[in-house]
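*Asks:* All chains, please: the whole structure from these sequences, using the hints.
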Amino acid sequence: MTAIGRPGPERARKKAEPGASADLAGQLTLVARGDAAAFDAVYDQLAPSVFGVVRRVIRDPAQSEEVTQDVLLEVWRSAAKFDAGRGSATAWVMTIAHRRAVDRVRSAQKETERERRSARTDVPYDEVAEAVESSLERERVRRCLGSLTDLQRESVTLAYYGGYTYGQVASLLGVPAGTIKTRMRDALIRLRDCLGVAH
Amino acid sequence: MKKQKRQPGQDLHTLAGAYAMDAISAPDRARFERHLAGCEECAQEIASLREATARLATATAVPPPARLKERVMAAAAATRQQPPAEREAVVRTWRSRRLVMAAAAVAAAVVAGAAVVFGVSNGSMSDQLSQDRASGQQIAAVLTARDATMMTGAVRGGGTVTIVMSHARHALVFTAADLRPLPASRGYELWLIGPAGDRPVTMLPSATMAGPVVASGLRPGDHLALTAEPAGGTARPTTPMMLDVAL
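Sequences listed follow chains A and B, in order.
In terms of my numbering, the first sequence has 164 at position 164, counting the first letter as 1, and numbering is strictly consecutive.
Position in the second sequence (first residue = 1) + 199 = my numbering.
You can take every hint at face value.
Lysine to any residue pairs mimicking SDA-like chemistry, simulated, CA-CA at most 25 Å apart:
#  : chain 1 : residue 1 : chain 2 : residue 2
1  : A       : Lys81     : A       : Thr29
2  : A       : Lys81     : B       : Thr278
3  : A       : Lys81     : B       : Asp397
4  : B       : Lys268    : B       : Thr278
5  : A       : Lys81     : B       : Pro283
6  : B       : Lys268    : A       : Asp60
7  : B       : Lys268    : A       : Glu65
8  : A       : Lys81     : B       : Pro394
9  : B       : Lys268    : A       : Arg104
10 : A       : Lys81     : A       : Ile96
11 : B       : Lys268    : B       : Arg279
12 : A       : Lys81     : B       : Ala274
13 : A       : Lys81     : B       : Arg270
14 : A       : Lys81     : B       : Ala353
15 : B       : Lys268    : A       : Asp40
16 : A       : Lys81     : B       : Gln280
17 : B       : Lys268    : A       : Ala37
18 : A       : Lys81     : B       : Leu235
Rough simulated footprint, nothing fancy, chain B against chain A, three-plus residues with beta-carbon under 8 Å:
#  : stretch
19 : 35-41
20 : 44-50
21 : 60-71
22 : 80-91
23 : 150-162
24 : 190-196
The set of hints was computed from the structure by calculation and includes no laboratory data.
A virtual CB, placed ideally from N, CA and C, is assigned to each residue, including glycine.
*Replies:* Quick look at the structure:
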């Protein structure tokens, strides 16, 4: 008989780090089969990043918790849709997280004018001190963001962390929308190469 | 590669960055997703850009309140999971037949082709040469196996492949033709994917006429997959499958 709850691996598992990604894909496969222990492990690895990015976009702590819960529940619900051939487990979950956060912000925007905070002065890569990711990884992201041109970096920051559309980013920066669109793509390609992401 | 001069496609393609960051209005998103469905190259680009944006997310990690975990775990326990898509969905476009005679008939032609392909490609290393000779024998073994099954089908993004497989020999012979050419920095990589893990088979030598290539060590539940990867090859697939066949 095979043991269903394998002893110990969750204990030994470390906090999320890039090297853990292959393992994470395996855990998601188990989650798809309803394995609660695997979901527990996935939670431990990814909840801080989900919460971090959701809070960055939404800002309101209570709403951020709510959306984080939705995202992680979505991971549980649709784990069977994860396809390791189409990207990493982390990218799959962060795509869900970011989109949910952005959708929340935009639907709120429709009802009331969104609070006007200057996302421009909120330079995210200077504000990650409380992060739990390894400082090496954080440093790398910071450095790669720093390697972009100012316009590229601002476009990425406002779009990804600010949750703005490229059209809104164009208005904020006073630059034609077509230019912003192109800069965004260039910036991500540069980031991707700088971060050494497999592609 | 065919140069796409059509303005709408070109214009849409520049949306890749905005799309990967969800920096796009709902109508634009829908439009881009329709475009993605028919543009394998774009889908691959989005997948790779999303690996980058994921790092922007992980760089913001902060521990959520402990109560959140309890809530999520409790909610998960009370939530039914979605079933996976059925694997047959991909294979349905395939004509799969048990064609012992056809396989045998193809054998001669393919082995002749093999000799040519290997003759061209083995100049560099002598151990490569002996490997190629060995795979020539392996090809013959698969093609003449009693349970040889031949399948043909289309590759997402262009091209056709033919597979002759023998479960008894735990091996298959793969050939491809007219795959979409890739930039020199990239190549097609063939994979066996299954419960036993993802195993790279080989990089295909050319897009126009690739193979025959032998994949041995088939295990129950394996799929054969094809992806576009950096020319040096990778240890596991990093881009979307352009072909995924249950064996």
